[in-house]
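J.: Sequence:
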Amino acid sequence: MDDQAANIVVATRSALDQASALAVQYGFSLLGAIILLIGGWLLAGVISRSAYRVISRIRGIDETLAIFFQNVLHYSLLILVFITVLGQFGVQTASIIAALGAAGLAIGLALQGTLQNIAAGIMLLILRPFRVGEYIETTNVKGYIKEIGLFATEMRTADGLYLMAPNSTLWNTPILNHSREPDRRQQLSVAMGEKIDIDLARKTILDILKADQRIKAAPAPKVYLDDLSADQAVLDIEYWTITSSWSDVRHDVVSKLKARLAEPDITIKTAAGVGGSDE
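For the sequence shown, the UniProt record's numbering gives the first residue as 1, with consecutive numbering after it.
Careful, some of the hints might be misleading.
To be verified - Just the calculated beta-carbon pair ranges, DEER-fashion:
{"id": "1", "residue 1": "Gln116", "residue 2": "Tyr162", "range": "21 to 31 Å"}
{"id": "2", "residue 1": "Pro174", "residue 2": "Thr84", "range": "41 to 51 Å"}
{"id": "3", "residue 1": "Ile118", "residue 2": "Tyr162", "range": "17 to 27 Å"}
{"id": "4", "residue 1": "Asp252", "residue 2": "Leu200", "range": "33 to 43 Å"}
{"id": "5", "residue 1": "Ala220", "residue 2": "Pro174", "range": "29 to 39 Å"}
{"id": "6", "residue 1": "Tyr75", "residue 2": "Asp212", "range": "53 to 63 Å"}
{"id": "7", "residue 1": "Thr84", "residue 2": "Met123", "range": "29 to 39 Å"}
Keep in mind the hints are simulated off the structure, nothing from the lab. From the three backbone atoms N, C-alpha and C, an ideal C-beta is built for every residue, glycine too.
Use the sequences and the hints to build the structure in full.
T.: Next comes the structure, spelled out in structure tokens:
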């Protein structure tokens, strides 16, 4: 009976010693994990904010892109901290990294179209083929840029409609930017009957163009005979003006030409294929 009691005491002491050793071991591991979590969280925030400040100072980097890189760096550091904490408890982190890689690959394949839009959005924000407020035209869409996002670009059409275009559709097609260049050429044509004095009409048109201060003197406006057939002559008109007033100047010039060349057999029109827009 005494031997049995002694064995129980020895077993209890052994169990307590083992529990104490485990408590000390995992207590220090738990304390280290808490310190790593707090320190890693704070450090990730400091590093990501510092990276944002550095990236945002780079010329040509959009605010949206700077925030995107900040978030990617922040959450990448947090994942690294989490894996390090698991390593404190003896977890095999190599298998976790492999699982995360496999999960990332599966998610990437499932969201292939979305990732294409994100990649296209990053390239659009870096290369900046268009900016907010500019008028662009592609094979699929055209309108004023309202906002450039990572997934899609918001636009407003010339007739005031809202349009959202996926970034991949904008990146994979030629983009015609009507607002980027400071100056822009306009071309009109005037069809006149054979009885009209060509030289007088040409001089009248040049006087109208030179009188408008918005039309640039260099390159100088040009009026030249483009076509001469049995029943009509066609005068082509070319001039340059600043892009912001291109449409207003066109409308005013057409109105003045119509008033000064008031003949029944004179027709004024925008030349076909000269790159006019719906602005």
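J.: Next, verify each hint and record whether it holds.
T.: A quick look at each hint next to the structure:
A C-beta distance of roughly 23 Å is found between Gln116 and Tyr162, which places it inside the suggested range of 21 to 31 Å. At about 48 Å, the CB distance of Pro174 to Thr84 agrees with the hint of 41 to 51 Å. As the Cβ distance of Ile118 to Tyr162 is approximately 22 Å, the hint placing it in 17 to 27 Å holds. Between Asp252 and Leu200 the beta carbons are some 22 Å apart, a value that contradicts the proposed interval 33 to 43 Å.
In this structure the hint that Ala220 and Pro174 lie 29 to 39 Å apart at CB holds, the actual value being about 31 Å. For the pair Tyr75 and Asp212, the supplied restraint of 53 to 63 Å holds, since their beta-carbon distance comes to about 57 Å. Separated by about 34 Å at the C-beta atoms, Thr84 and Met123 satisfy the suggested range of 29 to 39 Å.
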